[in-house]
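Chain by chain, the residues run as shown.
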Amino acid sequence: MEKYQIIESTAIPLEMENIDTDQIIPARFLKATDRSGFGDNLFRDWRFDLNGNPKPEFILNDPSRTGTILIAGKNFGSGSSREHAAWALYDYGFRAIVSSFFADIFTNNALNNGLLIVQVPDEFLKRLFDAIRQNPKTIIRINLENQEIVLSERGEKEHFPINSYKKKCLLKGFDDIDYMLSLKQKIEKFESQFK
Amino acid sequence: MAKTLFDKIWEKHIVDTIPDGPDILYIDQHFIHEVTSPQAFAGIVKRGIAVLRPEKTVATADHNVPTKDQHLPIKDLLSRQQVEKLTENCKRHGITLYGLGHPWQGIVHVIGPELGITQPGQTIVCGDSHTATHGAFGTIAFGIGTSEVEMVLASQCLLQYKPKKMKITVNGQLTPGVVSKDVILYIIAKLTAGGGTGYFIEYSGSTFSEMSMEARMTVCNMSIEMGARGGLMAPDDVTFNYLQGREFAPKGKKYAESVEKWKLLFSDSDSYFDSEFQFYAKDIEPMVTWGTNPGQGMKITDQIPDSPGSNKALEYMGLSAGEPLLGKKVNYIFIGSCTNGRIEDFRDVARIVKGKKKASNVRAYLVPGSKLVEKQIEKEGLRRIFEEAGLEVRQPGCSACLGMNEDKVPRGELCVSTSNRNFEGRQGPGARTILVSPLTAAASAITGSITDVRSII
Chain D
1 MEKYQIIEST AIPLEMENID TDQIIPARFL KATDRSGFGD NLFRDWRFDL
51 NGNPKPEFIL NDPSRTGTIL IAGKNFGSGS SREHAAWALY DYGFRAIVSS
101 FFADIFTNNA LNNGLLIVQV PDEFLKRLFD AIRQNPKTII RINLENQEIV
151 LSERGEKEHF PINSYKKKCL LKGFDDIDYM LSLKQKIEKF ESQFK
Chain F
1 MAKTLFDKIW EKHIVDTIPD GPDILYIDQH FIHEVTSPQA FAGIVKRGIA
51 VLRPEKTVAT ADHNVPTKDQ HLPIKDLLSR QQVEKLTENC KRHGITLYGL
101 GHPWQGIVHV IGPELGITQP GQTIVCGDSH TATHGAFGTI AFGIGTSEVE
151 MVLASQCLLQ YKPKKMKITV NGQLTPGVVS KDVILYIIAK LTAGGGTGYF
201 IEYSGSTFSE MSMEARMTVC NMSIEMGARG GLMAPDDVTF NYLQGREFAP
251 KGKKYAESVE KWKLLFSDSD SYFDSEFQFY AKDIEPMVTW GTNPGQGMKI
301 TDQIPDSPGS NKALEYMGLS AGEPLLGKKV NYIFIGSCTN GRIEDFRDVA
351 RIVKGKKKAS NVRAYLVPGS KLVEKQIEKE GLRRIFEEAG LEVRQPGCSA
401 CLGMNEDKVP RGELCVSTSN RNFEGRQGPG ARTILVSPLT AAASAITGSI
451 TDVRSII
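If you read the protein sequences in the order shown, they are chains D and F.
Here this note's numbering is used: the first residue of the first sequence is 1, the next is one more, and so on.
Here this note's numbering is used: the first residue of the second sequence is 1, the next is one more, and so on.
Calculated pairs, SDA-like style, for lysine to any residue (alpha carbon to alpha carbon, straight line, at most 25 Å): (1) K56/F to Q193/D; (2) K3/D to V45/F; (3) K162/F to Q29/F; (4) K172/D to P22/F; (5) K164/F to P161/D; (6) K312/F to F48/D; (7) K184/D to P22/F.
Some chain D residues flagged as far from chain F (calculated, every beta-carbon gap over 10 Å): (8) I6; (9) G37; (10) D122.
It should be emphasised that the hints constitute simulated quantities derived from the structure, not laboratory data.
By construction, the Cβ of each residue, glycine as well, lies at the ideal position given by its N, Cα and C atoms.
Bound conformation, chain F alone:
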C-alpha cells in the first residue's frame, strides 16, 4: 500500500500498540529547556528511577535567559533558579547541556538543526510547541507537555494516537519581497488558527523545494499556529547538503550511507491524505496579522476585514475593521525567535537596513537564535551594518517572542515582530503584536511605520 512520508517514519518507530489504544512510539531525539522540564525531573526522582537514555536528550537554556550581560548572574531570581535547576538536573542525570556561556547555546529549535542533531527520519519531541520546526528535515517532530517529558525521560517512548494527515501544496516562484514567513502566514490565514488541529501536515510543491533549509524551518515552525502538532517536508539535496559537515551529522562513509537511507523518505505518489489544500506562490504577498491569533492575517496592502467575532481582538489591538495597517506608526520591532532568528533572517534584515538609519521613534530588539548565529553575524560584518543603522544586536534566547525575560513590549504599544504568536499579552502585558517577515520588520524599522518592503527595494 502506498504510504506517506509520515506513515513511513511513524510505523518504523512503533514499539507496540495498545489494543484499542495508542501506539507506543519510540523517540530518537529529545530536547529540553529550563521552563518545561523541572517538574518532569522531579517526577523521575520521586519515582526513584533513572533517565533511561540520557544520551538521547539534549538541553539548553533559552526561554527565560537575559539577552544582555549573559556572563553575569541572572538578575531575576526565579529565572536564575530555573536555569540553575536545569544545570543541576542535567548533571545529576547525565544529560548534555549547552547552557549560558556555552558556544552552542541558543533557542532549542535553532541549535538542534545547526548542530546536525536533527536528522531526516527521526522522531523528535520537546516540551515546546515549536518543535514542529524540525519537520523541515523530514522528521516527525512535535511539542509535548511536561508529563510527557517525564515519560520520555523515563522510557524514551510516548503514548500517541496517530494523527490524521494533511497535505498542503504550494507551487511556483515567490515574487520579490515575499519570503517563507509570508507563505506560512498566508496558509494560516486561509486555514485559520484551528484549521490544522488533529492533523500532521506534509508541505509539498516547488515553492518549498526551492527554499533553503532555514526558510523551510520557518514554515514548519508555524504548523502549530494552525493547531497541527507538526508539519514536515521530504528531505532532498538541499537537506543533505545542509547537514554535511555539521557537528553531529554523520561523517565520511557514514554520511554517504545515511544519504542513501534518507533518500527513501518521501510520500509515495498515490498515498492517501485525509485533507488536501493547494495554493500558488504568485498569489502570496507580504503578510501582516491584525488580530490576536496567527490566523488573523492579511496582505500588507489590504484593509482589516470585517470578520465576525473579531471585535475583541480589534479592541485589544486598538484597531478597526476597514483600516489599513500600511503606514501605521510602530515604536517597537522584534527580530528573532525560533521562527526567524537564523543567519539568513539577519542577512535579509542587513540587506534592507544597510546604509540607512532606523527611524528615531523605533526601539528594536535584534536577537540571534543562537551563539553560532551571533558569531556568524559578527563574521559576516552584519553587526556593523546593524550598528550603523542604530540597531543593537543582543545575545541569544527566546526574548521578546514570549517576554519571559525582561525583553518586553510596553502596554498599548504596537510591535512589528518576526516571532510566531500575536496572542494578547504574549510580548508583555497589554503589548500588541503584528507578525511579519524579517524583510517587513527591517523596512518598518527604517521608516518607523508598517512598510511594504517592495516599496524600498
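Next comes chain D alone, as it looks inside the complex:
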C-alpha cells in the first residue's frame, strides 16, 4: 500500500445524509473481477442520465469543482459491505472522505484501501460546508500524523479520531495481511487448543 502523505486540496461538497453504498456504486456495476475502473461508475445514477450523459446539476459534473477530498453529510457509506464503494471513490481520485458519521464496514473498507476517513463533529462539518459555499476554492489540509483537519484560510481546525493501528499502517504503508501471515504459528497453536 502507498505511504500516506498530507492531503491539501480543494474539496467537493455533497450535502446529503445517509449516502449509502448503493448510491456510491450501484449493484449492476459490481460484476468485474478486478479492482480497477470502478471510478467511472461512481455515483452513477446521480451523475449520469438514462442515456449515459452527465447530469449538469450534479456537483461532480461541474468542471470548476475539483479536489481529492469529498465532504458529505452524516452516515456516509451505510448499507452494503461492497468494498467496490471504496475502490470507486479512490479510483475516481478521492483520497479522503470527511463527514460527521460513517458506517462501520465502509470505514474499514476505506482504510484498507488508503482512503482516509475523517470524522468531525456536526458543527465543524457545517463550517466546512459554509466555507466551501462561500468560496469553492477553499483549501483544506488533512494531516494524519497530527490527526488534524484545517480550513486553511480561516485557520480553523479540528482533531479527528482514527484507530492507532490503522494510523500506523497508513503512515508506514504496512499491509496487514502480511502481518497476519507472520502470525501463522500463533494461529495454529490457537487452533490446536480451541475447544
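Based on these hints, arrange chain F on the given structure of chain D.
For chain F alone, coordinates are given in the frame of chain D:
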C-alpha cells in the same frame, strides 16, 4: 465479572491482541459468493500463498444469478464470467461450492442455517452485510469487505476492534397480522438507519423467544439496517430443535454434547450493555417504509410524517408528507431475499393468496431463498396455490432485492418488497421500494394496492 453472550463468544475467539490495537479474532465459518470474492482470491494468488483453511469456507452463487432457466448458460456475459470465476477459484483453492444446479445452492444466508453449517457460539463472516442473519443462532456474525475476505482466506482470522454492545428487548405477544419483519422495521424506525452504528445488538425478551428460527433470522438479518455490524439472540430449545438432523449439524452423541455446550451461551443476568432499548409487542402493527432508507418506516395505517430532511427521499419516491400509503396502487411485488425468502415466508404468502387471484395490474416475483426452499414449496403444494393465484415461482437467488440480474423494477414504479433495503435504485434504476412483511406483500398482490393484511384475514 458478568458477561454478555457477545463477550463470551468474542473472548473465546481471541488469538491475540495487538497492544493499543485491535484483537486478532479467529473465524470459525467463512461464506463467500461470486461478487465480493474474486479480488480476494486474486490477492491470495498474487501473494503466492494458499488458503489457510479451505474447509472452513463454503461458497455459493447467489447475487447475480438468473432466476429463470438456471440450467442454461447465464446470458449476461459479466455475470457469467463472475460465476465462472467463483467456480474456478473454489476448484483451485479446494473450497466447497454449492453453485448453480447444485441441490443446496441458494442465498448464502439461507443455505448456511438450513444446512446446519451455522451453529451456536461460532464466529461467522462473509463479504455481505446481511451476514448478521446468522446471529439468530447465537453467533457473532457480520459482514466484511473484500480485503477482509482476503485476510480470512489467508489467515482464518480478522483484525477487529470489539464493538459496543446494545440490548433491545421486546416483550409480549404479537397481534394477528404482525410478524417478525414488522418487529424489526418498527425497531429500525425507532432507532433510525444509523442508530446502531458502532454496536453489536443482542435481542432479548419473550417476543423473540416465542419466534421460530426463521422469524428470528429475519430480525437479525436487518440489524445492519440500523448500522449495527450484527445482532444476536441466545440459543434455546427452538434453536437446538431446528438444528437437529440438519446435514452438517452434529449428530447422535455429539449433538447431545453440543447442546450442553450451547446451553451456556447466554448473557449473565447483570451483564453490562452500553445502550438499552425496550419495546412492547402490543405497540407494533404491520409496517411500511415510505422513504429511501429502512429507518423511514411507519405503521401501515399512518400518514407519511413531515420529518426534517426527508424531501429528497419523498421526491424520489413520488410521495408527499401527510399522504397515507394504504390503498396506493402498486404494480410490482417482490417476495424473497435473505430477509424473507424462507419456507415459512412462502407459507405465510400461501395462506393469504390461497383460492384468490392476483390483481391484474400486478407483476410479482416470488423467489425462493434456496433450492431446498424451492423443493419444499413443491412438496407442500404451495406452488399450485401460487400458480392458481397467478403468481409465478422463480428459481433461487438474490434477484430483485438488489437487481444485479435481470429481475429489476422499472423506473418510477412502486414495488412492495419483502427485501431489506429501499435505497434509491436498489431494485433497478429509478425503482421505488416499499419494505413490508410477506403477509403485507401477499395481501397487496391480491388487491393491487398497498393493503393492511388485517383487513382480509
